[in-house]
Amino acid sequence: MGNKSIQKFFADQNSVIDLSSLGNAKGAKVSLSGPDMNITTPHGSVIIVNGALYSSIKGNNLAVKFKDKTITGAKILGSVDLKDIQLERIDSSLVDSAQVEKKGNGKRRIRRKKRN
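All residue numbers for the sequence shown refer to UniProt numbering, where the first residue is 1 and numbers rise by one.
For the record, the hints were derived by calculation from the structure and aren't laboratory data.
All C-beta atoms, glycine included, are put in the ideal place defined by N, C-alpha and C.
Possibly wrong hints are sitting among the right ones.
[Said to hold, decoys possible] What follows is a set of in silico ranges between Cβ atoms, one per label pair, in the way DEER data are often shown:
| no. | residue 1 | residue 2 | range |
| --- | --- | --- | --- |
| 1 | S56 | S5 | 24 to 30 angstroms |
| 2 | S5 | G27 | 17 to 23 angstroms |
| 3 | S5 | N61 | 27 to 33 angstroms |
| 4 | N14 | K69 | 17 to 23 angstroms |
| 5 | K58 | G23 | 26 to 32 angstroms |
| 6 | G34 | T72 | 17 to 23 angstroms |
| 7 | K8 | T72 | 18 to 24 angstroms |
[Said to hold, decoys possible] In silico lysine to aspartate or glutamate, EDC-like type, Cα no more than 20 angstroms apart, as pairs:
| no. | residue 1 | residue 2 |
| --- | --- | --- |
| 8 | K8 | D18 |
| 9 | K29 | D18 |
| 10 | K26 | D84 |
| 11 | K8 | D36 |
| 12 | K83 | D36 |
| 13 | K75 | D36 |
Working from the sequences, and respecting the hints, build out all of it.
If you want it as structure tokens, here you go:
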């Protein structure tokens, strides 16, 4: 592969991403990084920006076209191994909001009125 740069394609729900220059689907390795789908073959690598996100939405029409066939994004997602999902970090605002919700739903203390 040498010193080739990684190509980026921006996807939406109706995209057909043409990766026929990367060869056949059989040799492709797919990994996910957040909402993006990374596809690597012996001929190169691409990042489909928002590819995983749009592929996970019901009714999407995202497809990836290889030299030998075209595969839907949903089918590609279904074949990704858990070890190929790259969760490098979780956004701290998501963690913070979950913490606040958890505290808000905890046991409430009942104040007793003082008797005079």
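Evaluation of the provided hints:
| no. | hint | result |
| --- | --- | --- |
| 1 | S56 with S5: 24 to 30 angstroms | holds, 27 angstroms |
| 2 | S5 with G27: 17 to 23 angstroms | holds, 20 angstroms |
| 3 | S5 with N61: 27 to 33 angstroms | holds, 28 angstroms |
| 4 | N14 with K69: 17 to 23 angstroms | holds, 19 angstroms |
| 5 | K58 with G23: 26 to 32 angstroms | holds, 30 angstroms |
| 6 | G34 with T72: 17 to 23 angstroms | holds, 20 angstroms |
| 7 | K8 with T72: 18 to 24 angstroms | holds, 21 angstroms |
| 8 | K8 with D18 | holds, 12 angstroms |
| 9 | K29 with D18 | holds, 16 angstroms |
| 10 | K26 with D84 | holds, 17 angstroms |
| 11 | K8 with D36 | holds, 10 angstroms |
| 12 | K83 with D36 | holds, 15 angstroms |
| 13 | K75 with D36 | holds, 15 angstroms |
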